[in-house]
Amino acid sequence: MAANQSVRQPASLEKIAPELKQIETQFVGIIEQKESQLQEYDLKGLGLEKEWEQEAKALDASYNQLKQELYTTPNKAELIQAMSDNLKMRIAILNRQLAILENIQTVKQQSTDETTTL
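Numbered per our numbering, the sequence shown finishes at 133, counting up by one with no gaps.
Because the hints were derived from the structure by calculation, they are not lab data. Treat the hints loosely; a few may be bogus.
Said to hold, decoys possible - Here are the simulated EDC-like pairs of lysine to aspartate or glutamate, each with C-alpha atoms no more than 16 Å apart in a straight line: (1) K49 / E34; (2) K103 / E50; (3) K72 / E50; (4) K123 / D57; (5) K49 / E117; (6) K103 / D75; (7) K103 / E47; (8) K49 / E64; (9) K82 / E93; (10) K82 / D100; (11) K30 / E70; (12) K103 / E70; (13) K82 / E34; (14) K49 / E70; (15) K82 / E29; (16) K36 / E117; (17) K103 / D57; (18) K82 / E50; (19) K65 / E50; (20) K91 / E29; (21) K91 / E47.
Please construct the entire structure, taking both the sequences and the accompanying hints into account.
Laid out in C-alpha coordinates, this is it:
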(Lines of atoms letter the chains of each structure in order from A and count residues from 1; the text may use other names and numbers.)
(Lines give C-alpha, C1' and ligand atoms only; values in the text may rest on other atoms or scores of the structure.)
Protein backbone atom coordinates (compact mmCIF):
# COMPACT_ATOMS: atom_id res chain seq x y z
CA MET A 1 0.00 0.00 0.00
CA ALA A 2 1.36 3.42 -0.87
CA ALA A 3 2.14 5.82 1.94
CA ASN A 4 -0.46 8.34 0.79
CA GLN A 5 -3.30 5.82 0.85
CA SER A 6 -5.19 5.61 4.10
CA VAL A 7 -7.08 2.68 5.51
CA ARG A 8 -10.72 3.63 5.70
CA GLN A 9 -12.13 3.15 9.17
CA PRO A 10 -15.82 2.45 9.59
CA ALA A 11 -17.79 5.50 10.64
CA SER A 12 -18.78 5.66 14.27
CA LEU A 13 -22.39 5.07 15.22
CA GLU A 14 -22.62 8.68 16.38
CA LYS A 15 -21.89 9.81 12.83
CA ILE A 16 -24.20 7.25 11.23
CA ALA A 17 -27.12 7.73 13.65
CA PRO A 18 -26.57 10.62 16.07
CA GLU A 19 -30.11 10.29 17.47
CA LEU A 20 -29.29 6.79 18.72
CA LYS A 21 -27.12 8.20 21.51
CA GLN A 22 -30.07 10.22 22.85
CA ILE A 23 -32.41 7.22 22.63
CA GLU A 24 -29.94 4.96 24.41
CA THR A 25 -29.28 7.54 27.12
CA GLN A 26 -33.00 7.98 27.72
CA PHE A 27 -33.90 4.31 27.95
CA VAL A 28 -30.74 2.73 29.37
CA GLY A 29 -31.03 4.84 32.52
CA ILE A 30 -34.57 3.56 33.08
CA ILE A 31 -33.51 -0.03 32.35
CA GLU A 32 -30.64 0.18 34.83
CA GLN A 33 -32.98 1.59 37.49
CA LYS A 34 -35.50 -1.23 36.94
CA GLU A 35 -32.75 -3.87 36.98
CA SER A 36 -31.52 -2.42 40.27
CA GLN A 37 -35.02 -2.72 41.72
CA LEU A 38 -35.20 -6.29 40.44
CA GLN A 39 -31.99 -7.16 42.30
CA GLU A 40 -33.74 -6.37 45.59
CA TYR A 41 -35.72 -9.59 45.17
CA ASP A 42 -34.56 -13.17 45.50
CA LEU A 43 -35.14 -14.07 41.85
CA LYS A 44 -33.29 -17.35 42.13
CA GLY A 45 -35.35 -18.44 45.12
CA LEU A 46 -38.55 -17.57 43.27
CA GLY A 47 -37.47 -19.35 40.10
CA LEU A 48 -37.58 -16.19 37.99
CA GLU A 49 -33.86 -15.60 37.47
CA LYS A 50 -33.54 -17.81 34.38
CA GLU A 51 -36.68 -16.35 32.80
CA TRP A 52 -35.32 -12.81 32.99
CA GLU A 53 -31.85 -13.86 31.86
CA GLN A 54 -33.26 -15.59 28.78
CA GLU A 55 -35.41 -12.63 27.82
CA ALA A 56 -32.55 -10.19 28.40
CA LYS A 57 -30.12 -12.27 26.32
CA ALA A 58 -32.60 -12.51 23.44
CA LEU A 59 -33.22 -8.76 23.51
CA ASP A 60 -29.47 -8.05 23.74
CA ALA A 61 -28.77 -10.26 20.73
CA SER A 62 -31.54 -8.61 18.74
CA TYR A 63 -30.38 -5.11 19.70
CA ASN A 64 -26.77 -5.85 18.79
CA GLN A 65 -27.87 -7.25 15.43
CA LEU A 66 -29.88 -4.11 14.73
CA LYS A 67 -26.91 -1.97 15.73
CA GLN A 68 -24.68 -3.83 13.26
CA GLU A 69 -27.24 -3.39 10.50
CA LEU A 70 -27.05 0.39 10.98
CA TYR A 71 -23.71 0.31 9.17
CA THR A 72 -25.20 -1.18 6.02
CA THR A 73 -28.89 -0.36 5.80
CA PRO A 74 -30.18 2.57 3.79
CA ASN A 75 -33.29 2.85 6.00
CA LYS A 76 -31.76 3.99 9.25
CA ALA A 77 -34.95 5.57 10.61
CA GLU A 78 -36.78 2.24 10.56
CA LEU A 79 -33.86 0.48 12.21
CA ILE A 80 -33.54 3.13 14.92
CA GLN A 81 -37.26 2.78 15.61
CA ALA A 82 -36.80 -0.99 15.99
CA MET A 83 -33.92 -0.37 18.41
CA SER A 84 -36.06 2.06 20.39
CA ASP A 85 -38.87 -0.51 20.47
CA ASN A 86 -36.39 -3.12 21.73
CA LEU A 87 -35.40 -0.86 24.64
CA LYS A 88 -39.06 -0.11 25.39
CA MET A 89 -39.78 -3.84 25.39
CA ARG A 90 -37.04 -4.36 27.98
CA ILE A 91 -38.65 -1.75 30.20
CA ALA A 92 -42.07 -3.39 29.78
CA ILE A 93 -40.62 -6.79 30.69
CA LEU A 94 -38.86 -5.34 33.72
CA ASN A 95 -42.09 -3.63 34.80
CA ARG A 96 -43.92 -6.95 34.40
CA GLN A 97 -41.27 -8.76 36.46
CA LEU A 98 -41.44 -6.11 39.18
CA ALA A 99 -45.26 -6.30 39.27
CA ILE A 100 -45.11 -10.10 39.60
CA LEU A 101 -42.59 -9.82 42.42
CA GLU A 102 -44.66 -7.18 44.21
CA ASN A 103 -47.74 -9.43 43.92
CA ILE A 104 -45.80 -12.39 45.33
CA GLN A 105 -44.58 -10.23 48.19
CA THR A 106 -48.13 -8.98 48.89
CA VAL A 107 -49.54 -12.52 48.90
CA LYS A 108 -46.78 -13.70 51.24
CA GLN A 109 -47.42 -10.73 53.56
CA GLN A 110 -51.18 -11.39 53.56
CA SER A 111 -50.54 -15.06 54.29
CA THR A 112 -48.24 -14.12 57.16
CA ASP A 113 -50.79 -11.62 58.50
CA GLU A 114 -53.58 -14.21 58.37
CA THR A 115 -51.44 -16.76 60.16
CA THR A 116 -50.55 -14.36 62.96
CA THR A 117 -54.19 -13.28 63.49
CA LEU A 118 -55.38 -16.84 63.94
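Take a quick look at whether K65 and E50 sit within 16 Å of each other, Cα to Cα.
-> holds, 14 Å
Does the structure keep K91 and E29 at a Cα separation of 16 Å or less?
-> holds, 12 Å
Does the structure keep K103 and E70 at a Cα separation of 16 Å or less?
-> Measuring from Cα to Cα gives roughly 13 Å; hence the hint holds.
Measure nothing beyond the straight line between the CA atoms of K82 and E50; if it is 16 Å or shorter, mark the hint as holding.
-> violated, 22 Å
16 Å limit on alpha-carbon distance, applied to hinted pair K103 and D75 = holds, 13 Å
With a cut-off of 16 Å on the C-alpha distance, tell me whether K49 and E117 pass.
-> The given pair, whose Cα atoms are some 13 Å apart, holds under the 16 Å limit.
Are the Cα positions of K91 and E47 separated by 16 Å at most?
-> violated, 26 Å
Starting from K72, check that the Cα of E50 is at most 16 Å away, please.
-> holds, 14 Å
For the pair we were handed, K36 and E117, check the Cα-Cα distance against 16 Å.
-> violated, 33 Å
Starting from K82, check that the Cα of E93 is at most 16 Å away, please.
-> holds, 12 Å
Holds or violated: K49 to E64, with C-alpha atoms at most 16 Å apart | Distance ~14 Å between K49 and E64 Cα, so the pair holds.
K82 paired with D100 [C-alpha distance capped at 16 Å] = holds, 13 Å
The structure does not agree with the numbered hints 1, 11, 16, 17, 18, 21 stated previously, though it agrees with the rest.
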